[in-house]
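Let's have the full structure, built from the sequences with the hints guiding it.
In order, the protein sequence lines correspond to chains A and B. The numbering used here numbers the first residue of the first sequence as 1 and each following residue consecutively. The numbering used here numbers the first residue of the second sequence as 1 and each following residue consecutively.
Some hints here could point you the wrong way.
Said to hold, decoys possible - Okay, the calculated beta carbon distance ranges per label pair:
| hint | chain 1 | residue 1 | chain 2 | residue 2 | range |
| --- | --- | --- | --- | --- | --- |
| 1 | A | Ser73 | B | Glu15 | 40 to 46 Å |
| 2 | B | Asn55 | A | Gly3 | 25 to 31 Å |
| 3 | A | Gly3 | B | Gln80 | 20 to 26 Å |
| 4 | B | Tyr71 | A | Arg9 | 34 to 40 Å |
| 5 | B | Pro10 | A | Pro61 | 26 to 32 Å |
| 6 | A | Pro61 | B | Gly93 | 29 to 35 Å |
| 7 | A | Pro61 | B | Pro81 | 34 to 40 Å |
| 8 | A | Asp30 | B | Ser20 | 34 to 40 Å |
| 9 | A | Ala2 | B | Gln80 | 27 to 33 Å |
| 10 | A | Gly3 | B | Ala29 | 28 to 34 Å |
| 11 | B | Glu3 | A | Ala100 | 16 to 22 Å |
| 12 | B | Tyr39 | A | Leu114 | 23 to 29 Å |
What the hints assert, rightly or not - Cross-link-like lysine-lysine pairs, in silico, DSS-like; alpha carbons within 27 Å at most:
| hint | chain 1 | residue 1 | chain 2 | residue 2 |
| --- | --- | --- | --- | --- |
| 13 | A | Lys24 | B | Lys42 |
| 14 | A | Lys68 | B | Lys42 |
| 15 | A | Lys78 | A | Lys68 |
It is worth saying that the hints were derived from the structure and are not from the lab. A virtual CB, placed ideally from N, CA and C, is assigned to each residue, including glycine.
What follows is each chain in one-letter form.
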Amino acid sequence: DAGVIQSPRHEVTEMGQEVTLRCKPISGHDYLFWYRQTMMRGLELLIYFNNNVPIDDSGMPEDRFSAKMPNASFSTLKIQPSEPRDSAVYFCASRRESGANVLTFGAGSRLTVL
Amino acid sequence: QKEVEQDPGPLSVPEGAIVSLNCTYSNSAFQYFMWYRQYSRKGPELLMYTYSSGNKEDGRFTAQVDKSSKYISLFIRDSQPSDSATYLCAIGGPGGADGLTFGKGTHLIIQP
Numbered sequence: 001d002a003g004v005i006q007s008p009r010h011e012v013t014e015m016g017q018e019v020t021l022r023c024k025p026i027s028g029h030d031y032l033f034w035y036r037q038t039m040m041r042g043l044e045l046l047i048y049f050n051n052n053v054p055i056d057d058s059g060m061p062e063d064r065f066s067a068k069m070p071n072a073s074f075s076t077l078k079i080q081p082s083e084p085r086d087s088a089v090y091f092c093a094s095r096r097e098s099g100a101n102v103l104t105f106g107a108g109s110r111l112t113v114l
Numbered sequence: 001q002k003e004v005e006q007d008p009g010p011l012s013v014p015e016g017a018i019v020s021l022n023c024t025y026s027n028s029a030f031q032y033f034m035w036y037r038q039y040s041r042k043g044p045e046l047l048m049y050t051y052s053s054g055n056k057e058d059g060r061f062t063a064q065v066d067k068s069s070k071y072i073s074l075f076i077r078d079s080q081p082s083d084s085a086t087y088l089c090a091i092g093g094p095g096g097a098d099g100l101t102f103g104k105g106t107h108l109i110i111q112p
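So, in structure tokens, the structure goes:
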């Protein structure tokens, strides 16, 4: 099992540019979560999907943020336009529908907006 | 009051010491209690989880949940330099579908 795969691992961009982060969940996992981690706020849940359907996006900070899950093996988190305060590590996590509420995280995408 | 409170540390102890890490939470509906370990520049990885209350032991690690006090703890015995990491408590609701709410994490340093 390759685990949750995220890309890119690092992204440096300039304010105003569009950023797209990608995630491949573990095969067979029905839930996919996007989290953001900063020193000030810790890990914050942005949005999660169940069977490719967005269930709760109340954590998405602004309309500049959007997420999609076109199929069971791929999700994207897009920021347009990006701002310096979006600089953070973005994690994708997945879990099965049944069983314990245990999330498996990817290695994260470190975003720096200049 | 935040849903999950955790002292960010850093907590520095000598090798071999017993380490105690703690979190408090506010929502009594929480049923899943977990500890994740995060090494620098890595994603969080599950260390232990308990459902409802009580204790759970796994090798040198023991997790405790006191629902009456809304207090969870992780104990590490015979601490090793390789245990140096950030430890995040995570708490989930009864249905489990809403993801997990995390503490900010405690940065632990084990001095050789």
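Evaluated hints:
For Ser73 (chain A) and Glu15 (chain B), the Cβ-Cβ distance of about 43 Å falls inside the hinted range of 40 to 46 Å, so the restraint holds. The hinted window of 25 to 31 Å between Asn55 (chain B) and Gly3 (chain A) holds, with their beta carbons roughly 29 Å apart. In this structure the supplied range 20 to 26 Å holds for Gly3 (chain A) paired with Gln80 (chain B), their Cβ-Cβ distance being about 25 Å. Between Tyr71 (chain B) and Arg9 (chain A), the C-beta spacing of about 37 Å keeps the proposed range 34 to 40 Å intact.
About 28 Å separates the C-beta atoms of Pro10 (chain B) and Pro61 (chain A), a value consistent with the hinted range of 26 to 32 Å. A C-beta distance of roughly 22 Å is found between Pro61 (chain A) and Gly93 (chain B), which places it outside the suggested range of 29 to 35 Å. Range check, Pro61 (chain A) to Pro81 (chain B): Cβ separation about 38 Å, and the 34 to 40 Å hint holds. One distance hint, 34 to 40 Å for the beta-carbon pair Asp30 (chain A) and Ser20 (chain B), holds here, with the actual separation near 36 Å.
In this structure the hint that Ala2 (chain A) and Gln80 (chain B) lie 27 to 33 Å apart at CB holds, the actual value being about 28 Å. Checked against the given bound of 28 to 34 Å, the beta carbons of Gly3 (chain A) and Ala29 (chain B), roughly 30 Å apart, stay inside it. Distance hint for Glu3 (chain B) and Ala100 (chain A): a CB-CB separation of about 20 Å, consistent with the stated range 16 to 22 Å. Between Tyr39 (chain B) and Leu114 (chain A) the Cβ separation comes to about 27 Å, which falls inside the hinted range of 23 to 29 Å.
At roughly 17 Å between alpha-carbon atoms, Lys24 (chain A) and Lys42 (chain B) fall within 27 Å of each other, so this suggested pair holds. Taking the CA atoms of Lys68 (chain A) and Lys42 (chain B), the gap is near 24 Å; set against the 27 Å cutoff, the hint holds. The hinted pair formed by Lys78 (chain A) and Lys68 (chain A) meets the criterion: a straight-line CA distance of about 9 Å does not exceed 27 Å.
Comparing the model with each numbered hint stated earlier shows that hint 6 is the single one that does not hold.
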